[in-house]
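These protein sequences, in sequence, are chains U, V and E.
Letter by letter, the first sequence follows residues 0 to 302 in numbering that gives the first Met the number 0.
Letter by letter, the second sequence follows residues 0 to 365 in numbering that gives the first Met the number 0.
Letter by letter, the third sequence follows residues 0 to 270 in numbering that gives the first Met the number 0.
Rather than coming from a laboratory, the hints here were simulated on the basis of the structure.
Incorrect hints may have been included.
To be verified - SDA-like mimics (lysine to any residue), calculated; alpha carbons at most 25 Å apart, straight line:
no., chain 1, residue 1, chain 2, residue 2
1, U, Lys293, E, Gly92
2, E, Lys232, U, Leu247
3, E, Lys232, U, Leu149
4, U, Lys195, E, Gly97
5, U, Lys34, E, Ala126
6, U, Lys213, E, Ala9
7, V, Lys111, E, Arg131
8, E, Lys232, U, Lys195
9, E, Lys232, U, Lys34
10, U, Lys268, E, Ser8
11, U, Lys268, E, Glu93
12, U, Lys152, E, Ala9
13, U, Lys152, E, Gly97
14, U, Lys293, E, Glu93
15, U, Lys152, E, Tyr23
16, V, Lys111, E, Phe10
17, U, Lys34, E, Ser8
18, U, Lys152, E, Arg228
19, U, Lys268, E, Arg131
20, U, Lys268, E, Trp46
21, U, Lys268, E, Tyr23
22, U, Lys162, E, Ala16
23, E, Lys232, U, Leu154
24, U, Lys34, E, Tyr23
25, U, Lys195, E, Ala16
26, V, Lys105, E, Pro173
27, U, Lys293, E, Gly132
28, U, Lys34, E, Arg131
29, U, Lys195, E, Pro173
30, E, Lys232, U, Lys293
Claimed, not checked - Facing chain E, according to a computed beta carbon distance under 8 Å, are these residues of chain V, among others:
no., residue
31, His77
32, Pro80
33, Met83
34, Pro92
35, His93
36, Ala107
37, Lys111
38, Trp233
39, Phe345
Glycine included, C-beta positions come from ideal geometry on N, C-alpha and C.
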Amino acid sequence: MSGRRIFTRPARLAAIAPYLWMALFFLVPFGFVLKIALSQTAIAQPPYVPVFDLAAGWESFKAALSALSFDNFKLLVSDDLYIFSYVRSLVVAITSTVILLLIGYPVAYGMSRLPQRWQPVAMMLVIVPFWTSFLIRIYAWINVLQHDGLLNKLLLALGIVDKPLVWLATDSAMYLGIVYSYFPFMILPLYATLSKMDDALLEAAADLGASRLKAFWLVTFPLSLPGIGAGVLLCFIPIVGEFVIPDLLAGSDRMMIGQTLWLEFFTNKDWPVASAIAIVLLALLLVPLLIYEKLQRRHLETH
Amino acid sequence: MTASRTPLLRIASVVKRFGGVTAVDDLSLDIGAGEFFALLGPSGCGKTTLLRMLAGFEAPDAGAIHLNGADIAHVRPHERPVNMMFQNYALFPHLTVEGNIAFGLKRAGLPKDEIAARVAEMIALVRLDGLQARRPDQLSGGQRQRVALARSLARRPQVLLLDEPMAALDKKLREGTQAELMQVQRRLGMTFIIVTHDQEEAMTVADRIGVMDKGKLVQVAPPRELYEAPNSRWIAGFVGDINLIEGQAAARQSGHFTIVTQNAGTIVASHVPSSAIGNVCVAIRPEKIRLSQPAPDAAASVNTFTGILTSTGFLGGVSVYSVKLDQGAVFRVAVANATRAAADGFAAGQRVSLSFAPDDVVVLDR
Amino acid sequence: MAARGTRLSAFNMASVALGLAFLYLPIAILVIYSFNASRLVTVWGGWSLRWYTEFFNDDAMLSAAWMSLRVAFCSATAATVLGTLAAVALSRGERFRGRTLFSGMLYAPLVMPEVITGLSLLLLFVAIDAGRGFWTVTIAHTTLTMCFVAVVVQSRLNALDRSLEEAAMDLGCPPVQAFIAVTLPLILPSIAAGWMLAFTLSLDDLVIASFTTGPGSATLPIRIYSEVRLGVKPEINAICTLVIGAVALVIVAASLASKLTSEQGESAAPL
Chain U
0 MSGRRIFTRP ARLAAIAPYL WMALFFLVPF GFVLKIALSQ TAIAQPPYVP VFDLAAGWES
60 FKAALSALSF DNFKLLVSDD LYIFSYVRSL VVAITSTVIL LLIGYPVAYG MSRLPQRWQP
120 VAMMLVIVPF WTSFLIRIYA WINVLQHDGL LNKLLLALGI VDKPLVWLAT DSAMYLGIVY
180 SYFPFMILPL YATLSKMDDA LLEAAADLGA SRLKAFWLVT FPLSLPGIGA GVLLCFIPIV
240 GEFVIPDLLA GSDRMMIGQT LWLEFFTNKD WPVASAIAIV LLALLLVPLL IYEKLQRRHL
300 ETH
Chain V
0 MTASRTPLLR IASVVKRFGG VTAVDDLSLD IGAGEFFALL GPSGCGKTTL LRMLAGFEAP
60 DAGAIHLNGA DIAHVRPHER PVNMMFQNYA LFPHLTVEGN IAFGLKRAGL PKDEIAARVA
120 EMIALVRLDG LQARRPDQLS GGQRQRVALA RSLARRPQVL LLDEPMAALD KKLREGTQAE
180 LMQVQRRLGM TFIIVTHDQE EAMTVADRIG VMDKGKLVQV APPRELYEAP NSRWIAGFVG
240 DINLIEGQAA ARQSGHFTIV TQNAGTIVAS HVPSSAIGNV CVAIRPEKIR LSQPAPDAAA
300 SVNTFTGILT STGFLGGVSV YSVKLDQGAV FRVAVANATR AAADGFAAGQ RVSLSFAPDD
360 VVVLDR
Chain E
0 MAARGTRLSA FNMASVALGL AFLYLPIAIL VIYSFNASRL VTVWGGWSLR WYTEFFNDDA
60 MLSAAWMSLR VAFCSATAAT VLGTLAAVAL SRGERFRGRT LFSGMLYAPL VMPEVITGLS
120 LLLLFVAIDA GRGFWTVTIA HTTLTMCFVA VVVQSRLNAL DRSLEEAAMD LGCPPVQAFI
180 AVTLPLILPS IAAGWMLAFT LSLDDLVIAS FTTGPGSATL PIRIYSEVRL GVKPEINAIC
240 TLVIGAVALV IVAASLASKL TSEQGESAAP L
């Protein structure tokens, strides 16, 4: 029953400032990305043509409009380099998300089964690395994985290998870095859902003849699906556009789309192509984004 | 104290809808100053919605609510001289007991020393001495309830609304709290309106009870009248246990009315509403029925029947028996266990005779 | 919750333990090696603070660190204000026109790849001819971290007992005052947690800062990144340890503060 109407008017007013901010600094910029994606690169400041000058009148505006083209998009679709980059990004994202789910679920499940007083502590322990610098943690792995780093030293000492292996600049290192960085993003939604589960449900399942394994599969797992959905999307979507981790840990021969965008923008100074890459990436992620939005709304706004 | 001449609170044809559901349906009610009034009904009957409209958290879609003559239906809750005691107490966790009680007084802008005096008065009234500096999470359920009461009385409202205040308490605590509430109400002479789904509670504390069903008031009466003179089958069945038997109103002779039933023979009643023609329902409370060993001249007496005892139940203060009459109807009979030794010795399967006075029969036409 | 009894199996325990070890091991190694007197990871040269002194003598790094701190502080504060307002609107505002768009815009940065948000903000700044430097990075970080604050505060607001606000109104508070007197004190821990989260995220951000910063306004992550590309440097270990120490300190302080002012239903974890 909502008799809380009395609050709603002042509460809605509170939305004005953030609304304007996000409209200006989040929504409007996408318009600019689209516009630049339709432009051509130029050796100029800013490095693209056409430049819309609102003060120059209607004619010049029309001329500028006609100078827009889909050339950049055609380039993306025709050049193997870009297609490969998109595909690689999706493959890496899917693989990483699967690994994260396989590793994260047992950990989250274990956390939810801890005695009540230890659970907040476990939560803290999972969150704290997330609050320490992400870059630092990747760097920490570089430290461990480098040619004369600790991992090789350990393997040599244990006699598992007889000469140091190459870990850095490989896909394995990249996956390690991704899984490491996104670990909390997978665990927290899973834990949130699993910890809310009523013990009585498992007891009822046992009472009705289900073994521990069966009870997990038939009761716990289906009920944790919302958490799985949230965790999967929370990891998959950003991983597709990842830049830092593949740049630092993976080889430089094959690039993910985030790296390609960075390269085009910072090295080639080709803003229009970079913008086109961003637009296509956004289009690819549109469906997962919408699903994520719906899940987030349902989770946070069922009150 | 029964309702005085001019009602303090007059609810006039109030309607409240939520989407397609009508929660309160054209309801009118007068409540007098100093009255302890109970709103009783099953869940979903609209009693809580009505209470929230009195508090100001809901506004009626139609109708008026007059407090001392002024229509407060659309006055904001913080501007009404009405206070509410919430079901889960809603104590402010970040304030002490004193802070909670003083909260409303500070909003009223009273001077500091007067606030302190009023808070002390409230603490004494609900017997919370020594607990002033504690926080809500350091109190027991009963103590928290008393803080909620003190806080809602501090501003000396004209009407105090209580939203199922004893729902979270166990039986013993509830009984003690009911007595305390009645004491406080009598001492302050304030008008209390309590919403409850617990009949016993309503009957214990209230001067008058308004029974609601599906947004309407079905009957408003003091507890005794509600119990002994229900105005409909529904009320009769809702309040306490009762035997209901359908029949046809037949002859009337010298102050006695005869009702012919299908499965309980002929029943004689002393009081029948004038509208009782044709199909009526006969209602007899279980404790008004006398059980005895079958007597040979049973058939001749008025309202005397024979049957078989089908089940017995010992409930401490009373024993409840089910008797299936030879004619077919099943009566529930409640007999007080007045002595410690099991004197009557009725057992299942036994033939018994039951009888009741025509005065104790209620005839309902709806 | 029903009694736990023998819920915790060995497998569960092992999973949790391994998971936590995985998370903390590289950090532990990094911290230890920041005190390594030798430049090489292969050799342990004894305990030394030389990399710390080298950091404090490195002007470029120090100014980048100072820049990062200022940006983080300003953007976290702005993000907390805006994020809390957004949370209040979404939690108490019921349905209103444009709510779907509003919540969509608000939650999107949580998952949007940073290259996209960074690029789009830069293009905006170029289009309006804004000089890129401290303010553009701050605005960018505020936009990014606002949603994190909103999520944290909104969770708490939703969980809060609404009848507390009603009780305050019943006792004479107009709606806004009821919010300030009763709700605000109770969500303050969440607001503080949101601030800390925004602060950390800003301090740590590389991609968006790279896009939106200007010449001479490099942030610490930008400098660290450019150094790291050239290979492992022990000075970086020292910087990282300092950052970790600072963050750990803040978290411990926050936990202690929340324990001292603990209310019913508050868990130890700020999120």
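Against the structure, the hints come out as follows:
1. Distance check on the hinted pair: lysine 293 of chain U and glycine 92 of chain E sit about 18 Å apart at the alpha-carbon level, within 25 Å; holds.
2. Annotation: proposed proximity of lysine 232 of chain E to leucine 247 of chain U holds, straight-line Cα distance about 14 Å (limit 25 Å).
3. Between lysine 232 of chain E and leucine 149 of chain U, the direct Cα distance comes to roughly 15 Å. Compliance with the 25 Å bound is thereby established for this hinted pair.
4. With a C-alpha separation of about 32 Å, the suggested pair lysine 195 of chain U and glycine 97 of chain E falls outside the 25 Å cut-off, and the hint is violated.
5. Only pairs whose Cα atoms come within 25 Å are accepted, and lysine 34 of chain U paired with alanine 126 of chain E is accepted, the gap being roughly 11 Å.
6. Taking the CA atoms of lysine 213 of chain U and alanine 9 of chain E, the gap is near 19 Å; set against the 25 Å cutoff, the hint holds.
7. Between lysine 111 of chain V and arginine 131 of chain E the alpha-carbon distance is near 55 Å, which puts this suggested pair outside the 25 Å criterion.
8. Proposed proximity of lysine 232 of chain E and lysine 195 of chain U is contradicted: the alpha carbons are some 45 Å apart, above 25 Å.
9. Restraint check for lysine 232 of chain E and lysine 34 of chain U: not satisfied, since their Cα atoms lie roughly 42 Å apart, outside the 25 Å limit.
10. Under the criterion of a C-alpha separation no larger than 25 Å, the hint pairing lysine 268 of chain U with serine 8 of chain E is inconsistent with the structure, at around 56 Å.
11. Restraint check for lysine 268 of chain U and glutamate 93 of chain E: the C-alpha separation of about 46 Å exceeds 25 Å, so the hint is violated.
12. In summary, the hint linking lysine 152 of chain U to alanine 9 of chain E is not supported, as the alpha carbons are separated by about 30 Å, beyond the 25 Å threshold.
13. Simply put, lysine 152 of chain U and glycine 97 of chain E have alpha-carbon atoms about 58 Å apart, too far for the 25 Å limit, and the pair is violated.
14. Simply put, lysine 293 of chain U and glutamate 93 of chain E have alpha-carbon atoms about 17 Å apart, close enough for the 25 Å limit, and the pair holds.
15. With a C-alpha separation of about 19 Å, the suggested pair lysine 152 of chain U and tyrosine 23 of chain E falls inside the 25 Å cut-off, and the hint holds.
16. Using a Cα cut-off of 25 Å, the hinted pair lysine 111 of chain V and phenylalanine 10 of chain E is violated, with the two alpha carbons roughly 62 Å apart.
17. Proximity of lysine 34 of chain U to serine 8 of chain E is assessed by CA-CA distance (about 57 Å); at most 25 Å being required, the pair is judged violated.
18. With a CA separation close to 23 Å, the supplied pair lysine 152 of chain U and arginine 228 of chain E stays within the 25 Å bound.
19. Between the alpha carbons of lysine 268 of chain U and arginine 131 of chain E the distance comes to roughly 17 Å, so the proposed pair stays at or under 25 Å and holds.
20. As the CA atoms of lysine 268 of chain U and tryptophan 46 of chain E are separated by approximately 45 Å, the hinted pair breaks the 25 Å bound.
21. Taking the CA atoms of lysine 268 of chain U and tyrosine 23 of chain E, the gap is about 39 Å. The hint is violated against a cut of 25 Å.
22. This hinted pair does not check out: lysine 162 of chain U and alanine 16 of chain E have alpha carbons roughly 30 Å apart, beyond 25 Å.
23. Taken as a hint, the lysine 232 of chain E and leucine 154 of chain U pair is honoured in the structure, with Cα atoms around 23 Å apart against an allowance of 25 Å.
24. Taking the CA atoms of lysine 34 of chain U and tyrosine 23 of chain E, the gap is about 45 Å. The hint is violated against a cut of 25 Å.
25. Proposed proximity of lysine 195 of chain U and alanine 16 of chain E is supported: the alpha carbons are some 22 Å apart, at most 25 Å.
26. A threshold of 25 Å between alpha carbons decides the hint, and for lysine 105 of chain V with proline 173 of chain E the separation of about 13 Å falls inside it, so the pair holds.
27. With a C-alpha separation of about 36 Å, the suggested pairing of lysine 293 of chain U with glycine 132 of chain E is violated against the 25 Å cut-off.
28. Taken as a hint, the lysine 34 of chain U and arginine 131 of chain E pair is honoured in the structure, with Cα atoms around 21 Å apart against an allowance of 25 Å.
29. With a CA separation close to 36 Å, the supplied pair lysine 195 of chain U and proline 173 of chain E exceeds the 25 Å bound.
30. Taken as a hint, the lysine 232 of chain E and lysine 293 of chain U pair is broken in the structure, with Cα atoms around 45 Å apart against an allowance of 25 Å.
31. At about 5 Å, the closest approach between the beta carbon of histidine 77 of chain V and any beta carbon in chain E falls short of 8 Å, and the interface hint on this residue holds.
32. Because the smallest distance between the Cβ of proline 80 of chain V and any Cβ of chain E comes to about 10 Å, over 8 Å, the interface hint for this residue is violated.
33. The restraint placing methionine 83 of chain V at the interface with chain E holds, with a minimum CB-CB distance near 5 Å, inside the 8 Å limit.
34. Proximity of proline 92 of chain V to chain E holds as hinted, the smallest CB-CB distance being about 5 Å (cut-off 8 Å).
35. Restraint check, histidine 93 of chain V versus chain E: the minimum CB separation of about 5 Å is within 8 Å; hint holds.
36. Taking 8 Å as the C-beta cut-off, the interface hint given for alanine 107 of chain V holds, the closest approach to chain E being about 6 Å.
37. Because the closest C-beta pair between lysine 111 of chain V and chain E is about 16 Å apart, greater than 8 Å, the hint is violated.
38. Interface hint at tryptophan 233 of chain V: violated, since its Cβ lies 32 Å from the closest Cβ of chain E, which is beyond the 8 Å cut-off.
39. At its closest, the beta carbon of phenylalanine 345 of chain V sits 44 Å from a beta carbon of chain E; the interface hint therefore is violated under the 8 Å criterion.
Violated hints for the displayed structure, listed by number in ascending order: 4, 7, 8, 9, 10, 11, 12, 13, 16, 17, 20, 21, 22, 24, 27, 29, 30, 32, 37, 38 and 39.
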